[in-house]
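J.: These are the residues of each chain, in order.
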Amino acid sequence: GENVEQHPSTLSVQEGDSAVIKCTYSDSASNYFPWYKQELGKRPQLIIDIRSNVGEKKDQRIAVTLNKTAKHFSLHITETQPEDSAVYFCAASLTGGGNKLTFGTGTQLKVEL
Amino acid sequence: GAVVSQHPSWVICKSGTSVKIECRSLDFQATTMFWYRQFPKQSLMLMATSNEGSKATYEQGVEKDKFLINHASLTLSTLTVTSAHPEDSSFYICSASRPSGAALGEQFFGPGTRLTVL
Numbered sequence: 001g002e003n004v005e006q007h008p009s010t011l012s013v014q015e016g017d018s019a020v021i022k023c024t025y026s027d028s029a030s031n032y033f034p035w036y037k038q039e040l041g042k043r044p045q046l047i048i049d050i051r052s053n054v055g056e057k058k059d060q061r062i063a064v065t066l067n068k069t070a071k072h073f074s075l076h077i078t079e080t081q082p083e084d085s086a087v088y089f090c091a092a093s094l095t096g097g098g099n100k101l102t103f104g105t106g107t108q109l110k111v112e113l
Numbered sequence: 001g002a003v004v005s006q007h008p009s010w011v012i013c014k015s016g017t018s019v020k021i022e023c024r025s026l027d028f029q030a031t032t033m034f035w036y037r038q039f040p041k042q043s044l045m046l047m048a049t050s051n052e053g054s055k056a057t058y059e060q061g062v063e064k065d066k067f068l069i070n071h072a073s074l075t076l077s078t079l080t081v082t083s084a085h086p087e088d089s090s091f092y093i094c095s096a097s098r099p100s101g102a103a104l105g106e107q108f109f110g111p112g113t114r115l116t117v118l
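From first to last, the protein sequence lines are chains A and B. With the first letter of the first sequence counted as 1, position 85 gets the number 85 in the numbering used here; the numbers rise by one all the way through. With the first letter of the second sequence counted as 1, position 56 gets the number 56 in the numbering used here; the numbers rise by one all the way through.
Hints may be right or wrong, so weigh each one.
To be verified - Taking lysine-lysine and the PhoX-like style, the derived pairs with C-alpha atoms no more than 25 Å apart in a straight line are: (1) K66/B / K100/A; (2) K42/A / K71/A; (3) K110/A / K41/B; (4) K41/B / K37/A; (5) K42/A / K20/B; (6) K71/A / K22/A; (7) K14/B / K100/A; (8) K55/B / K14/B; (9) K42/A / K41/B.
Claimed, not checked - If you want the footprint, here are the derived chain B segments under chain A, 3+ residues with CB under 8 Å: (10) 22 to 30; (11) 43 to 51.
Hints are computed from structural coordinates only; laboratory data are not their basis. Where is the CB? At the ideal position from N, CA and C, for every residue including glycine.
Work out the full structure: start from the sequences and follow the hints.
T.: Okay, here's the thing in structure tokens:
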């Protein structure tokens, strides 16, 4: 089955700096890669996703890049703000295969003033 | 659109009792629903996948006789934790997916249920 690794486990940045979180996946058939933000005790919130037919996607301060050959995908947050502090999870799935998501281990992002 | 609710939001029960958690898709028909368990400071671990009208598919290591899943309609799935023990205390989250459309592959998550077994 799919295995998703995520790094780093914790990330501390100064407000206004950029943050990058990286994931690798094992199943080359995976074609859907969402990123979630989860605050303590809350549901995961989809912040951006990318499908295997594109290499990059951007939404305001958030961008995701995908390298299918290397089976890597990354989340980039620019101009970080204190409200960006949360746990971020990457995930991978094969659409049409029951959409089963495999999550990474999570990154605790702390944006310091 | 694509709202998923869960009930209850939290529950405390005694060891040995059973607890039922409901997951509903409020504004769409969900052909597939998923149940996850999340321990503190850990990731979401898929427990099972359920399709309306058929038996759930459990992930390796998840006891199907302990975690009973019923997906009786396209908008409702239930998870029953039978004979709960303190080690079952966790955050249980459901999600639902739509069969087609632009959001293919996307899962819509419920708010989660915090289960504490005394």
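J.: Hint by hint, which ones does this structure get wrong, listed from lowest number up?
T.: 2, 7, 8 and 10
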